[in-house]
Each structure stands twice: as C-alpha cells, then as structure tokens.
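*Asks:* Here's the letter readout for the chains.
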Amino acid sequence: MSKRIGDARIVAPVCSLDDALGSIEAGADELYCGVMFDDWIERFGEADLISRRQGRYSHISSKDELQGIVNLTMDAGKKIGLTLNVQYCRSQYNLVLDLIRMWEDMGGHYVIVSDIGILLELQGMHSGLIKHLSLMAGVFNSMSVAFFREFNISRVVLPRDLTVEEMKSIHSASGDMEFECLVINQKCQFIDSMCGFHHNLTLSDDMVVDTQYNIVPGCVEPVIYTHDPMYEGHGCKLCYETKDGKVHHIYNNDFLYPHCAACLLAELCDAGVSFFKIAGRAYPTDIIVRSIRFIKKACSILTSHKHPPPASVAMDIQQLYSQTFDIPCDNTRCYYLMA
Amino acid sequence: MEHACWIDYRQDGSLPLPEHVKRVYLGHETCQERLPSVDELHRLSKTLKRRDVSITLVTPFLTNEGITRVYQLIDCLLSVLDTVEVVCSDWGLLYYLIENGLCTPIISRLLSSQLTDPRIIRVFQSMQPPAEVKKVQHIDGAQCVLKYTPPSSDLVSHYRSSWIDKDNVIAYLISRGIYRCEISNVAQGVELRTVKGWSYSLHVPDVLVAVMRRCPDEREDFNTPPDCLSGTCLKGIRKRWHFPNFPVEFFRCDNALYYRRHTLPENLTLLPVNRIVSNYKVRNE
Numbered sequence: 121m122s123k124r125i126g127d128a129r130i131v132a133p134v135c136s137l138d139d140a141l142g143s144i145e146a147g148a149d150e151l152y153c154g155v156m157f158d159d160w161i162e163r164f165g166e167a168d169l170i171s172r173r174q175g176r177y178s179h180i181s182s183k184d185e186l187q188g189i190v191n192l193t194m195d196a197g198k199k200i201g202l203t204l205n206v207q208y209c210r211s212q213y214n215l216v217l218d219l220i221r222m223w224e225d226m227g228g229h230y231v232i233v234s235d236i237g238i239l240l241e242l243q244g245m246h247s248g249l250i251k252h253l254s255l256m257a258g259v260f261n262s263m264s265v266a267f268f269r270e271f272n273i274s275r276v277v278l279p280r281d282l283t284v285e286e287m288k289s290i291h292s293a294s295g296d297m298e299f300e301c302l303v304i305n306q307k308c309q310f311i312d313s314m315c316g317f318h319h320n321l322t323l324s325d326d327m328v329v330d331t332q333y334n335i336v337p338g339c340v341e342p343v344i345y346t347h348d349p350m351y352e353g354h355g356c357k358l359c360y361e362t363k364d365g366k367v368h369h370i371y372n373n374d375f376l377y378p379h380c381a382a383c384l385l386a387e388l389c390d391a392g393v394s395f396f397k398i399a400g401r402a403y404p405t406d407i408i409v410r411s412i413r414f415i416k417k418a419c420s421i422l423t424s425h426k427h428p429p430p431a432s433v434a435m436d437i438q439q440l441y442s443q444t445f446d447i448p449c450d451n452t453r454c455y456y457l458m459a
Numbered sequence: 526m527e528h529a530c531w532i533d534y535r536q537d538g539s540l541p542l543p544e545h546v547k548r549v550y551l552g553h554e555t556c557q558e559r560l561p562s563v564d565e566l567h568r569l570s571k572t573l574k575r576r577d578v579s580i581t582l583v584t585p586f587l588t589n590e591g592i593t594r595v596y597q598l599i600d601c602l603l604s605v606l607d608t609v610e611v612v613c614s615d616w617g618l619l620y621y622l623i624e625n626g627l628c629t630p631i632i633s634r635l636l637s638s639q640l641t642d643p644r645i646i647r648v649f650q651s652m653q654p655p656a657e658v659k660k661v662q663h664i665d666g667a668q669c670v671l672k673y674t675p676p677s678s679d680l681v682s683h684y685r686s687s688w689i690d691k692d693n694v695i696a697y698l699i700s701r702g703i704y705r706c707e708i709s710n711v712a713q714g715v716e717l718r719t720v721k722g723w724s725y726s727l728h729v730p731d732v733l734v735a736v737m738r739r740c741p742d743e744r745e746d747f748n749t750p751p752d753c754l755s756g757t758c759l760k761g762i763r764k765r766w767h768f769p770n771f772p773v774e775f776f777r778c779d780n781a782l783y784y785r786r787h788t789l790p791e792n793l794t795l796l797p798v799n800r801i802v803s804n805y806k807v808r809n810e
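As they're listed, the protein sequences go chains A and B. If you use the numbering used here, the first sequence corresponds to residues 121 to 459, in order. If you use the numbering used here, the second sequence corresponds to residues 526 to 810, in order.
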C-alpha cells in the first residue's frame, strides 16, 4: 500500500456558495477562489487582470457571498485560498492590497500569488496569511524554490509543463516546501507564466452569455459594452493558417475531454507532490464535483495496492475516467510526461 | 543610446556587425535545448573579445538539468571575459547570480511579462463600426448588440506598463544588484517611469507573445509526441501563423510565438530605455 498517496489532499475551485457546498460534500480538502467586484470591473474590465481567469462568472463578485463561503469552509474544518496570481501594475496595487486585507479580516487562510511586489508588501504588513506561490511564477527548478523561500512561501504550485521526473528533482532539493500540481481539467499548449495573450470575455453569436447588459435610449436592442467587440477568443483557442494553406487548431476541447493525471498520482506523490489541484474555475459545479470524486476514487484505488501498483491499476483508473466523463481515456490527454 | 544585436551562436563570430553595435546577444530565450555548447561559446567569446564586442548571454526558463548547463556556460564566459551580462528568464538563475555575485544579471522579457497580444491596440481605438454589428444572445433571452467602450486611463496604463515598474519591486531588485530589464516593442505602446539607477532594453522588431514547453512537429501538429531531440529542432524552425482578423501576422520560431513591429515608440526619448536590441538577425531569414 502506498502510504503517501493516502496523505495527499485535493484542492478544488469554487465560484459560488453552491460550488463550495458541492466541493466539500464531494471530498475536497481545500478550496480556492478569486474575487472580481464592481469597483475593479469599472476600472479594469472583466479580462484576466485580477487573477488568471476572465469574467465575473469565474470569480465571486459579492463580499457577502465571499464571507458565506469562508464561513462554510471554516465550519467544515477546511481551508480556503484567495487567488491573486497575476502580476499587477501600479494603478492596481492598492486595490489588490485592500483585497488582501479584507480577505484576512474575513478569515481566509491563504493567498495564491506570483507578484514579488505583493510578496514584499505581505512581509511589510506582517500578514498572518499563508502564502502559496502560483504556477504563474514559473518555478521550473529548485533554485527558484530557494529564491521564493526568502518571501516565506510555504507551498509552490508547479507548472503544468514539467515532467514527473523534473518535479522529483525539484522536490529532492527543496527541503520541507509543500508542492501542489494540477491533476485534472484544462491544459494549454502555452506555458501559463509565459503567455502574453489577452484573456477577455468571449462574446460570440454561437453562445448564450450572462454578461450584464444596458438599456440605452435610442438603441432598439439592449447593449453590452466591451473594450473589444471584435475579440475572437483566447490565443490558444483560435484556428490559425500556415503558409501551405492548412488550418490548425492549438486548443483541444478540454471541457468535454479533460486532461488528466490520475494514472500518475502515485508517481506524483513519490515526486513530492502532496496537493492535487482541480483546475477549472467557472466550470459548472457538476463537472467540478465529478472531477473531485474521480480523483478521490483514483486515490483510493491506488492506496488499496502495494506500491508501485501493478499495470492493471492504471487500466482500472482509465476505465474510471471513461465512466466518469463518458469518453474513452486517450493518451493525448495525459497531463504530465514521466520524463 | 546603446545599440546591441542578436547573433546566431552557430556563426563563427566573424560576421560583420553594424558599426554602432558594440554588444551582441546570444543564447536562446525560450528553450534550454537550444543553448550553445561550452565549446561553441568558448570559441565565439574569444573571437568576439578580439573584436572588442561585449557579450550578453540570453537564457530561457530552466529545469534543474538546464540550470546546471547554464552554470557551465557562465563559467566558460568568465574564463574568457572580465564582465558578462546574463539575461535571466528564470528566477532560480537570477538568484544564483545575485547570491554568488557573478556576472551582471538582467530581467528578461519572459520575467517582465508584458501583455503582448497585438489585439490590445483595438482596446485603445474607438473602432469603426464593424460591417456587421455583432449580436449575442443573453441567458434571459434578450438579443444584445456589442458596443465599444473606451478603457479607463488606469487600464491603458496597465496595458502599456510592466508589473516590474513598481517602487518596491525596483527598489528590491536594485538592492539585489539588478539594474536592467528587457522589454518588447509592443503594439500598444510603452509607458514606464524613470527611476534612478534602473533602465530598460527595448527589443525590436520581434515581440515575444507566448512560449510552449515543446515545439509542435513540422506539420504544426500538437497531437504528436514531442521529440526535442529531432533534427528539426536544430534548424531553427520559423513558420508563419495567420490568425484571421488579427492586426498583425504571427510567426512561430522554435517553441515561441512572435509578431514583428519595426516602429519605435513615439515617446522613446521620454522612456528609461537606454539600449535598443535588434533581434531581427537571429531568425534565420
């Protein structure tokens, strides 16, 4: 029996009280969320400038709901983190620092950050919040871990682009640092911390939107105001054409065909990863709940076998993936390579 | 204003440089597999030293294996040259250099993390109404039209700036012996404050937009297993990617996407930029 996999914890995204209830019931050990309030939207719009997610719907947009989620999480004996994982310019700085103070006052447990300026401020304000380093910081080696340790980081979320062997190598030289990695949903071809694409709200005629609209005198139809009415979608989701006239698509439909690391959970534990993160803020609650249950079941399958598990265990997990997501397991959807 | 240019490290170092160029950038910005070998770097650095040309070694993000190789490259350069600049795209390498007092560390374009999507210029311009008004259906059944609203001055400032340009960040970096940061000549323009002791290098014309861990294959297929040791890797692949309606053309060079912009910022003389780095030559054109 693998001892360490039994100790691994599941970290799940929440965007509403319903998400929080569902995730806790499904067995999440920790929660994370983002916030996007009206005062932010008025100045900076709904692009991914407050966390690496666009849109009000990917965030909690009322302080009351946020407090409710924090209270629920505390009552359940769990922890919750606030995602402030992008890097901020001067004009955003005070708003972000105010959010951090509010989060601490509400009883939030930790913040997920990548901006050195924010880390310096957290040190200066003697915040009691625990600090997790986002994958947006791009920690690809153990010397980077040593650098961020100077800012009292207690956990590093590893980039989606590392191999399991590389994670192991980082962990083995990083002492008591905690490590977390994504294990299901959403994986982009571009490295999170090295993508300069603009992630705005995609408002296209083939989808139904819930963006706030306005009734404007003189306009027959309601109006949705946006900084870029022509916005086509994220750079990674677009089709592009090469010189030979061929049209290519970078993105795969992760919504219906989630990337997955369930077969590798034991190896990830061996590599020093103790926290398995579910990606997908703004995904429907039922997908998040299914993802948590799936990873939890995969962990129990692995704990019930001696380590290393026999090959048949991977097949059991692949079958579980097919049953859970109603599609066959496909090795092009593997989250990580071993080496 | 200092002028520098990228060179391909596989050249022998004797290629002609523009008369005003006294510094070359070499290495690789996005892939550790494409860094020079110690032998290549040793040969090249000796040739460039004879020509009285300074060297800036450009490094990508690095795994534990990659960072060890870069330590060797730095040792090699220091065995030939008195001073060496190293552009760091990796916090770990930066930390190693500042802790050991080696070389002159510089924050790279990957760490300065400008938003480089060329579509941002559309946010700045009051658009002419598109030929067809874009309509979307709201969840409550209403048919809505999309209309442009101009960005706030704070948003404009955000898109033109970098997160580095904050008092406490620059003060921290200077306190650790870092005095320079690299930036791209982004289409939306650049806004940066002047801070004593801190300066920027502006890379022209290729703007770095996004980086992948591995390249797609020669057919641009992302669904084939990555093979970093394939012959195509060393050729320096450059492929045009055309996104309909984008205001510029993209190209993929190795594992990164770029667009090209030759026009320098109108406010260049007001910016704390004291070096222009031409990155045109390195792309095998």
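Mixed in with the good hints there might be a few duds.
Stated by the list, open to error - Taking lysine-lysine pairs in the BS3-like style, the calculated list, with each CA pair at most 25 Å apart, reads: (1) B:K571 to A:K357; (2) B:K764 to A:K357; (3) A:K357 to B:K574.
To be verified - Away from chain B, derived, C-beta distances all over 12 Å, residues of chain A: (4) M194; (5) Y230; (6) S247; (7) D406.
As the list claims (entries may be wrong) - Just the calculated beta-carbon pair ranges, DEER-fashion: (8) A:G353 to B:T593: 35 to 43 Å; (9) A:V367 to B:P675: 32 to 40 Å; (10) A:V328 to B:P769: 36 to 44 Å; (11) B:P797 to A:D195: 46 to 54 Å; (12) A:E185 to B:L627: 47 to 55 Å.
If you're looking for bench data, these hints aren't it; they were derived computationally from the structure. All residues carry an ideal CB built from backbone N, CA and C; glycine is no exception.
*Asks:* Now look at each hint and say whether the structure bears it out.
*Replies:* Each hint tested on the structure:
1. B:K571 to A:K357: 46 Å, violated
2. B:K764 to A:K357: The given pair, whose Cα atoms are some 19 Å apart, holds under the 25 Å limit.
3. A:K357 to B:K574: With a Cα-Cα distance of about 46 Å, the restraint between A:K357 and B:K574 is violated, given a limit of 25 Å.
4. M194: Non-interface label on A:M194 holds, nearest chain B Cβ at 32 Å vs cutoff 12 Å.
5. Y230: Per Cβ check, A:Y230 is outside 12 Å of chain B; nearest 21 Å; holds.
6. S247: 15 Å, holds
7. D406: 18 Å, holds
8. A:G353 to B:T593: 35 to 43 Å: Holds, at about 40 Å.
9. A:V367 to B:P675: 32 to 40 Å: 34 Å, holds
10. A:V328 to B:P769: 36 to 44 Å: The hint (36 to 44 Å, Cβ to Cβ) is violated, given that A:V328 and B:P769 are roughly 24 Å apart.
11. B:P797 to A:D195: 46 to 54 Å: Hint holds: Cβ distance 51 Å, inside 46 to 54 Å.
12. A:E185 to B:L627: 47 to 55 Å: Since the Cβ atoms of A:E185 and B:L627 sit about 51 Å apart, the hinted range of 47 to 55 Å holds.
Figure legend: structure checked against the earlier numbered hints; hints not met, in rising order: 1, 3, 10.
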